[in-house]
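Asks: Each chain, letter by letter, is given below.
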Amino acid sequence: MKLNKLYFLNKDIILLVVALFFSLNLFFSNDSEYVEKVERKIIDFISYVVYPKSWYENILVIASENDLLKQKIIQLKLLNSKSDNYRVENIKLKEMLTFKESYPRLSLKPANKVNHNYSSIYAIILNVGGNDGIEKNQAVLDMEGLIGKTIAVGNNASKVQLITDRNFAVSVKVGKEMFLSIFKPTHGKLGYLDRVIKSIEINVGDIIYTSGVSKIYPSDLPVAKIKSIEDNPDKLFLDVVVEILADIDNLNYVFIVQ
Amino acid sequence: MFLLFSKYNNIIKTVTISFILIVAQSYLPTIKISNSLLLYSDLLLLYLTFLVLNEKLYVIIIFAFFIGVFQDLIIQNDTVGLNAFLKVLAIYFISYLNKVKSLWSITFKLIYLLSIYFFHYFIYHSIFINQMTLGLTIFIFLESILNVFLFIIVDKVIHRSSSI
Chain A
-16 MKLNKLYFLN
-6 KDIILLVVAL
4 FFSLNLFFSN
14 DSEYVEKVER
24 KIIDFISYVV
34 YPKSWYENIL
44 VIASENDLLK
54 QKIIQLKLLN
64 SKSDNYRVEN
74 IKLKEMLTFK
84 ESYPRLSLKP
94 ANKVNHNYSS
104 IYAIILNVGG
114 NDGIEKNQAV
124 LDMEGLIGKT
134 IAVGNNASKV
144 QLITDRNFAV
154 SVKVGKEMFL
164 SIFKPTHGKL
174 GYLDRVIKSI
184 EINVGDIIYT
194 SGVSKIYPSD
204 LPVAKIKSIE
214 DNPDKLFLDV
224 VVEILADIDN
234 LNYVFIVQ
Chain U
94 MFLLFSKYNN
104 IIKTVTISFI
114 LIVAQSYLPT
124 IKISNSLLLY
134 SDLLLLYLTF
144 LVLNEKLYVI
154 IIFAFFIGVF
164 QDLIIQNDTV
174 GLNAFLKVLA
184 IYFISYLNKV
194 KSLWSITFKL
204 IYLLSIYFFH
214 YFIYHSIFIN
224 QMTLGLTIFI
234 FLESILNVFL
244 FIIVDKVIHR
254 SSSI
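For the record, the sequence lines run as chains A and U. Numbering-wise, the first sequence is residues -16 to 241 according to my numbering. Numbering-wise, the second sequence is residues 94 to 257 according to my numbering.
If you're looking for bench data, these hints aren't it; they were derived computationally from the structure. Don't be surprised by glycine CBs; every beta carbon is placed ideally from N, CA and C. Take the hints with a grain of salt, since some may be wrong.
[Unchecked claim] Cross-link-like lysine-lysine pairs, in silico, DSSO-like; alpha carbons within 30 Å at most:
#1 A/K(-6) / U/K194
#2 U/K125 / A/K20
#3 A/K(-6) / U/K125
#4 U/K192 / A/K(-6)
#5 U/K202 / A/K(-6)
#6 U/K149 / A/K(-6)
[To be verified] Here's a subset of chain A near chain U, in silico, CB distances under 10 Å, partners left out:
#7 A2
#8 F11
#9 D14
#10 S211
#11 I212
Please work from the sequences and hints to get the whole structure.
Replies: Structure, rendered in structure tokens:
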């Protein structure tokens, strides 16, 4: 049975294969133009036969390269957005540096908002605390203006009462006469000035600065901008509505006045 | 001594005939088709055809290989091995005629032989020719016909039409 399977391995076939092998070996061992021509033709033929296989392999390679490039594109996009964030942060930090230099008499400690204080929408947490020399009742401002004061200080974080808190009030000076008034918030970014006498000369768009009367807030920190002035004959004082200057909704980097 | 001689008698006879044929091949007349095309008859191929149709194949394969190499060395030593390859291959396919001796008609057998000769010469010439044209193909066909014709004549004269 086993021999039947190997019926084709007879003497004739073996000798044929051996003879063909040796004759081809002899032929291709010649160094002549005819042999080179045959070799070229064989190479062409093999490349022609193998072409579909190599084409298919190329397709597979291209497909895997494509996947790889897609991944790289995503990685580069992420890197690009990260770089963009760094660029924006850099611009903001440069602005902060300029802002700090514009108040040479104040000792400003830069801080970063960690997150909102979830117990109140009128308070935020900063990433600096007692270890950084922060104390309770220190003014906090951003590059636009006053945003509040520290009300609780931990070792590494502090809680800030925002200017929008209903219980917040700050002494400000109004008009050219530097008349003292009290700023109190109402809702959103709006607030009003308490006890502004009618004889004072103020205009819509005037900036209101801290008076410096309080020990907490140094003088001349921008607080708000006059939005409207109403002179009600039935009242003794003017109704002055102001808009808070600080960008309360997009707080990120702030300064603590030490 | 006699036994030893009788054992190698066939080999000596075959080698001697081959040698004579190689010498005769050089002096054989040719048919001139054009200035560059001359029709030759390959006596060694004819002799190998007779041998393979009458002797054992494996012996003739070895013999064809050495005859081919010898022919290459004499005719075209740039391509040693080419004639050996083509002759061995042709001989193997011609040997198929032994298997179908009683099945195929004589005409069909001659057509088969002609086609083998044609492919033998076609491959041989295509090595030396840069581009195969219709004229050259016809020339190769004529060369094959000449050889088949010679085979028929020799077969009738020597073997009395018993080889094929």
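Asks: Are the hints correct? Go through all of them and say.
Replies: Hint by hint, here is what the structure shows:
1. A/K(-6) / U/K194: holds (21 Å)
2. U/K125 / A/K20: Roughly 28 Å separates the two Cα atoms, so the pair holds.
3. A/K(-6) / U/K125: With a Cα-Cα distance of about 42 Å, the restraint between A/K(-6) and U/K125 is violated, given a limit of 30 Å.
4. U/K192 / A/K(-6): Measuring from Cα to Cα gives roughly 16 Å; hence the hint holds.
5. U/K202 / A/K(-6): holds (25 Å)
6. U/K149 / A/K(-6): holds (10 Å)
7. A2: Holds, because the Cβ-Cβ distance from A/A2 to chain U comes to roughly 4 Å (cut-off 10 Å).
8. F11: This interface hint holds because 8 Å falls under the 10 Å limit.
9. D14: It holds, given that the least Cβ distance between A/D14 and chain U is near 9 Å, below 10 Å.
10. S211: violated (99 Å)
11. I212: violated (103 Å)
The structure fails hints 3, 10, 11 (numbered hints given earlier, in ascending order).
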